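Hey, can you work out the whole structure from these sequences and the hints?
Respectively, the protein sequence lines represent chains A and B.
Numbered according to the numbering used here, the first sequence terminates at residue 1694, and the numbering increases by one at each position without gaps.
Numbered according to the numbering used here, the second sequence terminates at residue 124, and the numbering increases by one at each position without gaps.
None of these hints come from the bench; they were simulated from the model.
Quick caveat, the model's predicted, so the values are computed rather than measured.
Note that CB positions come from ideal geometry on N, CA and C, so glycine has one too.
Hints may contain errors.
Facing chain A, from chain B, some residues (calculated, C-beta under 10 Å) [as the list claims (entries may be wrong)]: (1) Tyr3; (2) Val17; (3) Glu28; (4) Glu55; (5) Gly58; (6) Ala62.
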Amino acid sequence: MIYADNAATTKMSDKAIEVMTELLKSTYGNPSSLYEFGQQAKEVLEHAREDIASVIGASPRDITFTSGGSEADNQAIVSAATFGKKRGKTHIISTAFEHHAVLHTLKKLEKEGFEVTLLDVHEDGLVRPSEVESAIREDTCLVTVMYANNEIGTIQPISEIGAICRSHGVLFHTDAVQAVGHLPIDVEKENIDMLSASAHKFHGPKGTGFLYARKGINLTNIIEGGAQERGKRAGTENVPAIATMAEALKESVSRIDQTSARLTEVRDRIIEGIGNIPHSALNGDHAKRLPSNINFCFEGIEGESLLLLLDDKGIQASSGSACTSGSLDPSHVLLAIGRVHDVAHGSLRLSLGEDITDEESDYIVKSVSEVVTYLRSFSPVWRDLESGKTAHIL
Amino acid sequence: MALYSEKVMDHFRNPRNVGVIEDADAVGEVGNAKCGDIMKMYMKIDDGIITDVKFETFGCGSAIASSSMATELIKGKPLTEAMQLTNKAVTEALDGLPAHKIHCSVLAEEAIKSALEDYENRKKQ
Ligand SMILES: Cc1ncc(COP(=O)(O)O)c(C=O)c1O
Ligand SMILES: [Zn+2]
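Structure (structure tokens):
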């Protein structure tokens, strides 16, 4: 099996499983309990906070543990909105291709009277810092732009956007769920005020993540209750999972240079191979993309059938096809970069794992070519394209 | 549990009656405005009987499997019977489909109806 859906979730590392298993047995105390056994758990928790903070160049007190990326996104946006509203600022800037954790939170705020500007991400899947600057108004309280897109892997000009926001006194949040553990990040150098991350994207456990919020930013609770996390996020802390997240993050970051060099090489080899399939196109800029991300559109085929047949060949991948989405629309990310419905229907995302071999990458290219050719052989859309009845666009 | 039944996967992996009939007596093409799946059905009709049928589909597993199953259900059958084929019958013959994939299978019934309409129109000319 070649698991090529690491943007959806990753396998926990052996080290992470080992650490978590041990902590589940040994460190089950409640960090809020005053006796020594509880305080030991508290110590493990705070140690994890220090480790995570130091990886992204933050202070430990600026880290709030959450149930994952979605919760961190919700809390960051709602906090900035609440703070803004108090000062009469109800305008938020974001992009058309954010994760739904961001987009749906913004939709909710719109219903409460906020005004949201969604910036164009252009054909290359990149936000233009100058367009962020032009969109900023007197009443803008937040700019939220994802660090790297989860479907097409494009890496945004975060530090430039952060600098613009800072010069205008506007809070800047980035959903870095796809970037943390995979790209070097420094919240100070990159002018980031708030950042969301999720452990299961970097070989840690699911249901655990964190929100970084720079000192002075007053967080609004999403979950009310006990006084955990300085009163900003109630609920008994999942100490084993949180400590394992810290361990997994340190492990990933310690070999970031090595893995990105290796993955970039394999990624480009696959992009070249799949790019040889006629009437296919890479989605998103080639250079400014995650080392693990490959995303193509193929004319004349539909993504779900492609995924099912790749699965038969032992390859797990994903697609932005309407038929795989549960909703009836193809991926909002592919539409945002200007792909028309038909073409967006025939998309494939491969997100590689660090352990992929050259043989596996060749096998992926061969399998994708075979399946695309096969599906085209009985596609009425492909027939019309080939007979000239309709025009090729890729 | 897998997304699709064994039956669906069998028809998806080994679709029956795939292809084109160059000298077809009837051709029907329908598209799903919702998700974008497209299906084309070709028929040879002799003395009120569908003697041959082939299809081409651009679509998901549900769309391909239901095209395949639908052709099996109408091949060799009288037009009157083919006209009666419902999406429900196709779905049942496939041992069911996930609720959110039913809309992709509706195309099969519609493609047959569209082909039979084409046949009637050709006869009038
Ligand atoms: C960019 C992005 N943001 C947010 C999330 C949500 O993270 P989680 O699954 O931890 O809630 C994901 C994961 O699917 C993601 O890729
Ligand atoms: Zn479908």
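Verification of the supplied hints:
no. : hint  : in the structure
1   : Tyr3  : holds (8 Å)
2   : Val17 : holds (5 Å)
3   : Glu28 : holds (6 Å)
4   : Glu55 : holds (4 Å)
5   : Gly58 : holds (5 Å)
6   : Ala62 : holds (7 Å)
Consistency with the previously given hints is maintained throughout, with no hint failing.
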